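Chains as they are written, first to last, in this note's numbering: chain A, 2 to 383; chain B, 2 to 383; chain C, 2 to 383; chain D, 2 to 383.
Keep in mind that the hints were calculated from the coordinates and are not lab data.
Incorrect hints may appear among the rest.
No copy is singled out in the list; a pair is fine if it fits within one copy or between any two copies.
Below, computed lysine-lysine pairings styled on PhoX-like, alpha-carbon distance capped at 20 Å [to be verified]: (1) K54 - K319; (2) K342 - K4; (3) K50 - K319; (4) K319 - K55; (5) K55 - K342; (6) K294 - K150; (7) K294 - K224; (8) K355 - K122; (9) K95 - K355; (10) K39 - K50; (11) K54 - K3.
Quick caveat, the model's predicted, so the values are computed rather than measured.
Number of protein chains: 4
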Amino acid sequence: MKKLNIGLIGYGFMGRAHANAYRKVNNFFDLGHQPVLKSACARNEANIKGFAKKWGFESIETDWRKLIARDDIDVIDICTPNNTHAEIAIAAAKAGKMILCEKPLGLNGPEAEKMVSAVEKARVPNMVWYNYRRVPAVTLAKNLIDEGKLGRIFHYRAKFLQDWTISPDLPQGGAGLWRLDVKAAGSGVTGDLLAHCIDTAMWLNGTIDTVTAMTETFIKERKHTLTGKVEKVGIDDASAFLARFSNGSLATFESTRYARGHKALYTFEINGEHASIFWDLHDLHRLQYFDHKDEGKLRGWRSIHVTDHGGGHPYMDKWWVPGLQIGYEHSFVHQVADFIKGLDEGKNPGPTFKDGLATDYVTDAVLKSAQTGQWEKVKKVK
Amino acid sequence: MKKLNIGLIGYGFMGRAHANAYRKVNNFFDLGHQPVLKSACARNEANIKGFAKKWGFESIETDWRKLIARDDIDVIDICTPNNTHAEIAIAAAKAGKMILCEKPLGLNGPEAEKMVSAVEKARVPNMVWYNYRRVPAVTLAKNLIDEGKLGRIFHYRAKFLQDWTISPDLPQGGAGLWRLDVKAAGSGVTGDLLAHCIDTAMWLNGTIDTVTAMTETFIKERKHTLTGKVEKVGIDDASAFLARFSNGSLATFESTRYARGHKALYTFEINGEHASIFWDLHDLHRLQYFDHKDEGKLRGWRSIHVTDHGGGHPYMDKWWVPGLQIGYEHSFVHQVADFIKGLDEGKNPGPTFKDGLATDYVTDAVLKSAQTGQWEKVKKVK
Amino acid sequence: MKKLNIGLIGYGFMGRAHANAYRKVNNFFDLGHQPVLKSACARNEANIKGFAKKWGFESIETDWRKLIARDDIDVIDICTPNNTHAEIAIAAAKAGKMILCEKPLGLNGPEAEKMVSAVEKARVPNMVWYNYRRVPAVTLAKNLIDEGKLGRIFHYRAKFLQDWTISPDLPQGGAGLWRLDVKAAGSGVTGDLLAHCIDTAMWLNGTIDTVTAMTETFIKERKHTLTGKVEKVGIDDASAFLARFSNGSLATFESTRYARGHKALYTFEINGEHASIFWDLHDLHRLQYFDHKDEGKLRGWRSIHVTDHGGGHPYMDKWWVPGLQIGYEHSFVHQVADFIKGLDEGKNPGPTFKDGLATDYVTDAVLKSAQTGQWEKVKKVK
Amino acid sequence: MKKLNIGLIGYGFMGRAHANAYRKVNNFFDLGHQPVLKSACARNEANIKGFAKKWGFESIETDWRKLIARDDIDVIDICTPNNTHAEIAIAAAKAGKMILCEKPLGLNGPEAEKMVSAVEKARVPNMVWYNYRRVPAVTLAKNLIDEGKLGRIFHYRAKFLQDWTISPDLPQGGAGLWRLDVKAAGSGVTGDLLAHCIDTAMWLNGTIDTVTAMTETFIKERKHTLTGKVEKVGIDDASAFLARFSNGSLATFESTRYARGHKALYTFEINGEHASIFWDLHDLHRLQYFDHKDEGKLRGWRSIHVTDHGGGHPYMDKWWVPGLQIGYEHSFVHQVADFIKGLDEGKNPGPTFKDGLATDYVTDAVLKSAQTGQWEKVKKVK
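Isolated chain A, as found in the complex:
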């Protein structure tokens, strides 16, 4: 089995999720490559040392440029705040590294375009961590749509609701809170949460043509952790938009961090001519499905417990036995497995940097519409 040497930048929530995926993927999947936790990188030496020890990385770096310069690194995995993605990714591409980049790809479309150019020029395998595509229930949804089970699509609706920033006492910026700092994050829930909704939506239902949006910042000022001062909040706390897909279907999207009672309620529903689908991250191992072709008196929404590999549920033959659920972290394991399978077979299963760019174009249009009050066209990836 070939080694695949990983250089991971960042050690936060995503750093842990990725490290876990690399460590366990070969225990469950038969693959041609084995990820090796070669080096972990971050500016704070004490922190990155602790992280590397905990996860078994062979070495550390405190400068990502040095990491990229190393010959023994095959893959650069970018788990840093959004405003650093472009610079790192472009440098990594130039160094001929494969790149796995956290989402959103860039701070905006123009930045992401440069990242796409860089990886295309360098011809390096690339991927964006829109991990929800690899939740088995979501992959099953994709399969059902591809089989034509739904027929013509009329409606798509998605939302991603959280409630962790309701308190005005929460500061912005710094470790763990960079998502509230517009400089580091680029935007609020639009780039953080809606980006997930949009990636899944376009994977399942094709491209989006036009949008009209509204955003709101409920708490106007927060203390900034880095400056110690009360500063204007630049991010959007909530964002909602109407959309028209290229296939003629209509959509509503909404995201907020002010929906009391929801921690990570990412849901989507698709209504087709023949059948409908609903999914909810809070119970990610279930897919709700309604099929109008069922006998009339027996029609109802089915709660499919997506754990039955004998029944054909994606990825589930790798895990336990029917009825026993997997969780959030497994979506990352699946993404690594698919990435490696792609390497083995010379294909890129996506989401590629181009896919990431397409999502950035939508969030750009959303943010612009929220300013102009107009319907905005979404730029298409060539």
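Using the hints provided, position chains B, C and D relative to the given structure of chain A.
Frame of chain A, contents of chains B, C and D only:
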């Protein structure tokens, strides 16, 4: 349309539910007879006057014997405590009246046998108010079983859980509380709640052969409303039993009034070779259904919203439009409608007094087994 | 008890729902007036005769002008297609009748303004049948908000999803299908379904300031039942909008008749600073509630079975016992009960014609925005 | 950090689950010991080699006696069929090894007694893999009970339903199917599934005094994989029992592999004076909770998404962020973590061999009662 003159005895919870059913059945069903609220009867003159006025009864009686003696009464409807059912029903049968009797039929099997003999001798139409058979979702369950959708049945499980007697300060006996008084009720949850479970079970799954049971009285003494004294509690607060049906399936049954959080949680589940069914009174307009013949990856429990008459849901063509639910009281309307349809067509759709006797035989065996600690055979109705 | 003589115009779905409410309200509520089914009116004599017989109306009329002219009629109840509401209501007001009018009030705001003027000038009690306010779970939601349980409101979202017009073979116009005929209905789902969502929303969360909307007609042509020809479809099949409430909260609204699997899925959710609420018409007897003030480890969405009058659930003391649910039709009974209580006490509990006008202003803005692509201001009722 | 050298016997479903737990526990928990995958053991050399390679074991053995004899092994982990537990465990104890044994502990109480004696004599740390105690929602249930939230307990009910043996074509015995072979398994669902229910029940609700049971073998003969012949099936396909706990509460327990539609539906419910709890393995990250002390109109079953470490949910501070669920395998990680924490602190957190014996005593009484038809006393662990 022929008139069907009703003489109703009792004005409590069931008196109201029945009166409502008689009043509205012809607004929704096309039938050959129309019930007329001819007379309401109870010992307390002021109370029965108020009740009669509220519901539009044409007259009152304070002695049920006088009611039975009246020529202008076609049907005697018995809504009184359990210990009065037999005497009234036997007298009514002798007077040639049709009889609709609240459940359980008698205080026990031997008493119920006399009631069956009386109606058989008099050849009068008769029915017991096991109303849950007429909840559309339950009727749909029956239809599915009769069509063979489930195949061989392996398991039946039912429970009826309440929580209204947990407080030791609740007295026993008297208006509204006669169900706690063993003299009036005969037994506790066994005759009150398990009787419903058993009637449905035998309707859906055939006769029960043997049972082993346990009962418990958690609060041993309560003040008696009628005597004013603290007296021993004679009823069972909780009752559970294992059973074997004649068709080889195994069953568990349980009932209690000490299940905190449940007001009237009557549920049943049937597991067959090919399909399974689940129903819950708290959401009575839904039927849960699992069909193993569905395509593997799409198998799941369907939540059927039993409101779609176009889809073939029983009774629902009489009510509103798909998606709009009916409630508890409608089961009584349906039972009256079916009783009248039976009259029109010369058939007895049941549950008949014989069906009521069959249930009494099961509760007799349950109560006996709780005493002996042995498996007890259930007497069969000839 | 005083008599309240009802003259009902129309005998369709709503005619039945109202007649049922009048017939049973006094069996369950203690009121100072008793509705009398005095006369039913429709152009088709055979049909209205059948309807009147089935429901026990004392007489019929085939011309609503004659009905209004009758001295023995106290209340005119308008259950006819939308394009007739204004003419009938204004005439009834001039004749000094009380008016209960089906929703939406007028075909649009300007028409509804005239209706409001007419009832104000005539000083007659008036009401619009936005019945969902009287579902006990919805009333409970209102009570919780009024008590301040939610604190500052951040988000409101509502949808009303159906699937009954997906087939292109369904004709438009005529009995039972006038909702598809833009001349009779005025609009499609906007006036039919979103109007319900908007009335509830403004009752719970105050007025709406601005909206941006999109509408779509998926099936462009349908055979017209009355002309026999294939004609352009003028109604909106689907309608969605973003909104800003006067209290600063953000909202999404959506309605369609192309959501496969949903018959009448009217849902709303409100996210407040301290608590959130969710309701779903498909399980109308439940309210979902999340309270952040609960002990941390015990926080969760509660599924409140709104059947416990001892616990303080609105209207439920009038019905059965805790755990036993009521259904759709009861919302109309409650509305009649509240209307009569208002008469008894000289108050108008609403929704009044003014409330109906306020909703028409919102639907006007929605339909206009769908044309202009702009955010539109909602006219406010003076 | 000290090393903890693991010698794992068996490479099936449980072998994988345990290996995964050892590999990842230190990535998420701060502990004084680190498990090392020292050696994997099984008779089939090719198979155990493949397993060892996949999981990174340093060596293999094909004879468990040799494994036990090795000085570099600290812990013997027994993942073999039930009929081998006792011999291996007793030998391991004599060799002074710590022992982690799959459940059920022995084939029956007398066998398990010898295992308890062996570990007590050898004074070696010991544990039985009743892993469900370590599902965060189940641990939370335990915490709530220990805090007195429920008050006096009235009822306990548990079931574990599967459907994987309905087909008569399924053979018995051999790899993956030894659970159907009475010689290897000792019993059917009683020792396999009910044992889990019983361990959890006694952990939460104390000891069981008496039981009455029934068992059934629906498919009487199956081809035996090892002999190639059709042989009598010796295991119980279904098993149900009534029980009385020492604290006065009543219980029902049921298990089967013939419940169509359920893959691993392990549920339990506890009804206390003040509060009730419900849990379901199919949605293992949720706990249902009802608290009568809530304000009357707000009482309802809460669906607690047990992912909020800030709220105090057990183990969840080690994983991701609130709202993101973990799965089945994490219960094993938690059990390893707790075992190691016990080593660090010199305590045995259980379930110990003694706890395993207590469960064996209950299953013995269940199987005996199914034979005698009598209530049987449960032997108590001294």
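Here is what the structure says about each hint:
For the homomeric pair K54 and K319, the shortest alpha-carbon distance between copies (16 Å) is at most 20 Å, but the shortest distance inside one copy (28 Å) is not. Taking CA atoms no more than 20 Å apart as the test, K342 paired with K4 passes inside one copy only; the shortest distance there is 13 Å, against 34 Å between copies. In this assembly of identical chains, K50 and K319 lie within 20 Å of each other by CA distance solely across copies; the values are 19 Å between and 33 Å within a copy. Proximity of K319 to K55 under the C-alpha cut-off of 20 Å is restricted to the inter-copy arrangement: shortest distance 13 Å between copies versus 26 Å within a copy.
For the identical chains of this complex, K55 and K342 are inter-copy neighbours only, at 17 Å across copies versus 27 Å inside a copy, given an alpha-carbon limit of 20 Å. Taking the closest pair of Cα atoms, K294 and K150 come within 20 Å of each other both inside a single copy (10 Å) and across two copies (17 Å). In this homomeric assembly, K294 and K224 never come within 20 Å of each other (Cα to Cα): the closest approach is 56 Å inside a single copy and 25 Å across copies. In this homomeric assembly, K355 and K122 come within 20 Å of each other (Cα to Cα) only inside a single copy, at 13 Å, whereas the closest approach across copies is 65 Å.
Proximity of K95 and K355 under a CA criterion of 20 Å is satisfied intra-copy only: 17 Å inside one chain copy versus 63 Å between copies. Within a single copy, K39 and K50 get their C-alpha atoms as close as 13 Å, which meets the 20 Å cut-off; across copies the closest is 26 Å, which misses it. In this homomeric assembly, K54 and K3 come within 20 Å of each other (Cα to Cα) only across copies, at 14 Å, whereas the closest approach inside a single copy is 24 Å.
Of the numbered hints listed earlier, the single one contradicted by the structure is hint 7.
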